[in-house]
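Starting from the known structure of chain A, fit chain B onto it as the hints suggest.
Now for the letters of each chain:
Number of protein chains: 2
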Amino acid sequence: MNEYRQKIQKWISNNRPKGTRLLKQLVQEKSTQGHEGSSQAIIIEKCREMGLEIDIWEPGGTALVNHPYFVSPREKFKGSPNVIGVLKGSGAGRSIILNGHIDVVPEGDREQWQFDPFAGEEVDGKVFGRGSTDMKGGNVALLLAMEAIISAGIRLKGDVIFQSVIEEESGGAGTLAAILKGYKADGVIIPEPTNMKIFPRQQGSMWFRCIVEGRSAHGGTRYQGVSAIDKAIHVIRHIEKLEMRRNARINDPLYKDIPIPIPINIGKMTGGTWPSSVPDQIVLEGRIGVGPDEKLEDVKEEFAGWMASISTQDSWFVEHPVKVEWFGAQWVPGKIDLNHDLMKSLSTVYKEVKEKAPVIEASPWGTDGGLFTKIGNMPTVVFGPGVTEVAHYPNEYIVLDTLFEYAEIIALTLIDWCGVENVS
Amino acid sequence: MNEYRQKIQKWISNNRPKGTRLLKQLVQEKSTQGHEGSSQAIIIEKCREMGLEIDIWEPGGTALVNHPYFVSPREKFKGSPNVIGVLKGSGAGRSIILNGHIDVVPEGDREQWQFDPFAGEEVDGKVFGRGSTDMKGGNVALLLAMEAIISAGIRLKGDVIFQSVIEEESGGAGTLAAILKGYKADGVIIPEPTNMKIFPRQQGSMWFRCIVEGRSAHGGTRYQGVSAIDKAIHVIRHIEKLEMRRNARINDPLYKDIPIPIPINIGKMTGGTWPSSVPDQIVLEGRIGVGPDEKLEDVKEEFAGWMASISTQDSWFVEHPVKVEWFGAQWVPGKIDLNHDLMKSLSTVYKEVKEKAPVIEASPWGTDGGLFTKIGNMPTVVFGPGVTEVAHYPNEYIVLDTLFEYAEIIALTLIDWCGVENVS
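So the sequence lines, in the order shown, correspond to chains A and B.
Sequential numbering of the first sequence, starting at 1, is according to UniProt numbering.
Sequential numbering of the second sequence, starting at 1, is according to UniProt numbering.
Rather than coming from a laboratory, the hints here were simulated on the basis of the structure.
No residue lacks a Cβ here, since even glycine has one placed at the ideal position from N, Cα and C.
Hints should not be assumed to be uniformly reliable.
[Claimed, not checked] The following residues of chain A were derived to be distant from chain B, with all beta-carbon distances above 12 Å:
| id | residue |
| --- | --- |
| 1 | PHE118 |
| 2 | SER227 |
| 3 | ILE360 |
[As the list claims (entries may be wrong)] Derived lysine to any residue pairs resembling SDA-like cross-links, with alpha carbons at most 25 Å apart:
| id | chain 1 | residue 1 | chain 2 | residue 2 |
| --- | --- | --- | --- | --- |
| 4 | A | LYS157 | A | GLU319 |
| 5 | B | LYS256 | A | VAL226 |
| 6 | A | LYS30 | A | ASP116 |
| 7 | A | LYS18 | A | ILE44 |
| 8 | B | LYS268 | A | HIS234 |
| 9 | A | LYS268 | B | PRO321 |
| 10 | A | LYS241 | B | PRO321 |
Okay, chain A solo, but in the shape it has when bound:
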């Protein structure tokens, strides 16, 4: 391995300016949902330059949009292609998918950004901008790892399938389309921003809406009404109990240091129309975490049953049951065995490069990894160079040193995992 490592290190070290430029270019193309085309064009150009076999297509069709795991606010993806670049192996080696999403979340309130979120400013060894950490930095590192191998003249045995997908931030329709198109490998790595931690567990999630009824009255005689706020507080307390119940079942040691492995978050609370009236409706919207071993449907059923049971505590809910709706995004949970070869390979290389053992943790959020696991039946690890804390926030950035170190780890993992053809 050492002979390869020196070559890889040297190539990456020499090509830092090139990698940094690629990242900046990608950040400068604002690839929010529906606007991924220009970023993908840069990826396509890079894959061409590297001599990869390229597949470009706009997802769609009934097999995709009617799939039970399809979630997106849109059904047509014109101008939003998936891009796949394959580095063909010589054969007989283990294949791998390196999957990164090209879509980014909106920048939010620009006033809160120190720099233009789409300028790709480089300051003190960091590149700032929306998508730098989540996850264009990771994508660039994947491409650098592959290019380092090619440039070093190393011929891998297994295929390396690089996927630049759309729609991860909206529930994974891009990755689902790639799986349905038949892309398959012996393992998957996704460079979501994990602060270089290795995540063999991914929390899934779904969005729910609870509609809670009250009965209106004039505020001056509020005792003649029933406040939907009071009833909604009852519902919130009931949900907290469900959260406790659900988390008490989690006994995977990877979760032992996590205060709430699969939290239920109430993110929005809205209701009432007039300060002088007793509110007759409150709408709660939230996210329920889904454990790696759970099925989305089972969680929905448990939630509905729990909500129905509230009427045994307060008879108001007999006549006015809480209405539960599932809406918007969902992320499928995922899991890989801790002793899986991909975990071993990645951990060994990590230790070699970083001279310390990797932190292995359960992920508090979902990624496209769940789709690979549940739909594609492919063992998947989430591991990336981005900074968890700044993803989706103003002043998002990535540390360039980490990005290049990550590229080295990936290159060496590919060598270990896919195997190298002896060129004698």
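What follows is chain B alone, placed relative to chain A:
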């Protein structure tokens, strides 16, 4: 009195169709805020027909809009006149103001109305429509009472000042303008929909807004954030304690059967922007009831102090104090002595006509009566024929029998209060 009573009764009985038609016409003109002109045109025509001295003006000017009790979302009232019609007395009698507002609240969701809210449908002795009960029915009854006296050839000693004002539903700028213009009388009757109860106390009210902060985090690690919903629930509980404290101070026997004499109602609760994020802000909007003996400023001060004290229970509020704002409408509380001559006069006549004692209660809401009491220093009674329960609601109606009975009581009260010139 009996000789007058027969004449009055007869005239009212003969003129029921005319009175009913006037009410329907008024309901058919949708006089929501800013659209009072066409309803007032009908009132003006009626006052002309009755030979009253008429004063019509669009309120405005710095004395009004800079007045500490001025509350309105607008400062200009073009097309929204106040109308006053005076039945001059012969002199030496007690004068009275009969004050009714011409503005109505919006009809809300039309789907919930059995009839068109602006058709003035008459069914089973009731007239349906927005404003029928609150309070065009009352206004029509006042005019009928005056017309009955005129038509019966009864000459009163004191002036009867009929006021058809705008803006009651938005905080009383119409009545405030009439007071500031110099209209003054020895007593005031306001025919708000009291179900024929006599209200010598009026609860005032103000609207407050509490802005409660949290700290955002991803829902998958919600324990890293501080939910503004949780903190807002704490604030709501704290407000409930203030309500208990404030109501414990009320010892007026008129409130003894009222569960909460001066309630605090939370009417709206809004916050959070994303199901998967811990909400970082919740806005509560509500109405605080103000006791008849309280000053608005004192209540504001007590509320602010109480909100500041929450930090002694939860240190979060030390760094993140609840922001309190006062906004929108306010109604000044009002009170008249139970032994005041106007109360005696009204009660005596009521007993004579209805053959039972009137129900005398404290009003759970504010009216323009507070302005008459606090700014105009005029003793005011709220007493009207409308149906309390349907005010501001779909399918608002008034019972015609009650309206005409009320007109009789008012006519006889005017005779008693203002005195009659002996026509020998």
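Against the structure, the hints:
With 12 Å as the threshold on Cβ separation, the claim that A:PHE118 sits away from chain B holds: the shortest Cβ distance comes to roughly 21 Å. Not every CB of chain B is more than 12 Å from the CB of A:SER227 (nearest about 7 Å), against its label as outside the interface. Chain B leaves A:ILE360 outside its interface by the beta-carbon criterion, the shortest separation being 17 Å against a cut-off of 12 Å. With a CA separation close to 66 Å, the supplied pair A:LYS157 and A:GLU319 exceeds the 25 Å bound.
Between B:LYS256 and A:VAL226 the CA atoms are separated by roughly 22 Å; this keeps the pair inside 25 Å, and the hint holds. Between the alpha carbons of A:LYS30 and A:ASP116 the distance comes to roughly 11 Å, so the proposed pair stays at or under 25 Å and holds. A hinted pair counts as satisfied when its Cα atoms are at most 25 Å apart, and A:LYS18 with A:ILE44 qualifies at roughly 16 Å. Distance restraint check for B:LYS268 and A:HIS234: the Cα-Cα separation of roughly 17 Å lies within the 25 Å cut-off, and the hinted pair is therefore satisfied.
Between the alpha carbons of A:LYS268 and B:PRO321 the distance comes to roughly 21 Å, so the proposed pair stays at or under 25 Å and holds. At most 25 Å may separate the alpha-carbon atoms for a hinted pair to count; A:LYS241 and B:PRO321 exceed this at roughly 29 Å.
Violated hints, listed in ascending order, are 2, 4, 10; each of the other numbered hints is respected by the structure.
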